[in-house]
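A.B. asks: Let the sequences and hints guide you as you build the complete structure.
Each chain, letter by letter, is given below.
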Amino acid sequence: AQSVTQLDSQVPVFEEAPVELRCNYSSSVSVYLFWYVQYPNQGLQLLLKYLSGSTLVKGINGFEAEFNKSQTSFHLRKPSVHISDTAEYFCAVTRGSTLGRLYFGRGTQLTVWP
Amino acid sequence: DVKVTQSSRYLVKRTGEKVFLECVQDMDHENMFWYRQDPGLGLRLIYFSYDVKMKEKGDIPEGYSVSREKKERFSLILESASTNQTSMYLCASTARANEQYFGPGTRLTVT
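Those protein sequences? They're chains Z and R, same order as listed.
Take 1 as the starting number for the first sequence in my numbering and just add one per residue.
Take 1 as the starting number for the second sequence in my numbering and just add one per residue.
The hints are simulated quantities; they were obtained by calculation from the structure and are not laboratory data.
Misleading hints may appear alongside valid ones.
As the list claims (entries may be wrong) - Below, computed lysine to any residue pairings styled on SDA-like, alpha-carbon distance capped at 20 Å: (1) K3(R) - I60(Z); (2) K69(Z) - N98(R); (3) K3(R) - Q42(Z); (4) K49(Z) - S26(Z).
Said to hold, decoys possible - Covered by chain R, per the in silico footprint, the following chain Z stretches (three or more residues, Cβ under 8 Å): (5) 39-45; (6) 103-114.
Just so it is clear, CB atoms sit at the ideal spot from N, CA and C, and this is done for glycine as well.
C.D. replies: Structure follows, in structure tokens:
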């Protein structure tokens, strides 16, 4: 089975500061990687995904992530956050052969302060 | 626009009741999933289905069952609800090994 580790359960930052949410995964085979965002009382929404190709992936709302195969990491970044980015963020991984099953990290709560 | 809908946003049930949570997707996806989400534990997979009438256990299937009679609909059943099943339940669907589309969730409280 895959495992996904989100290294920080909570990340507080001030508005307009940069942020990085860390994600590491365990797998010896090729994987697909995802970041999801969950706003309060809502379902999960896809931020970005890595399937193949360029290791720098750009997503919605100004977020980007970099796939690092040697370090088995897929960290999420944003150069300048807004209060509206306050949400919980989940990293997830899947292998192409497992019928679309996703393995999720435990989530990182990003709180942006004015 | 893709859509996954869940029958209720909030639900309150009594211990021992049989509970049905319904999920419908309009994207003709083969695969559907049920998760529960608890603070600090992230999303845990209960059951998933890769075709009509097919089901597979996830990581925490105990106390739950599922039904998939039609491609677009995937139901989660709590045979006899217990207080430790109080949680947020999320349904998702996907065509293949790609991103999953999530419903808005059902917050279930068992008293």
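A.B. asks: Tell me, in ascending order, the numbers of any earlier hints that this structure violates.
C.D. replies: none
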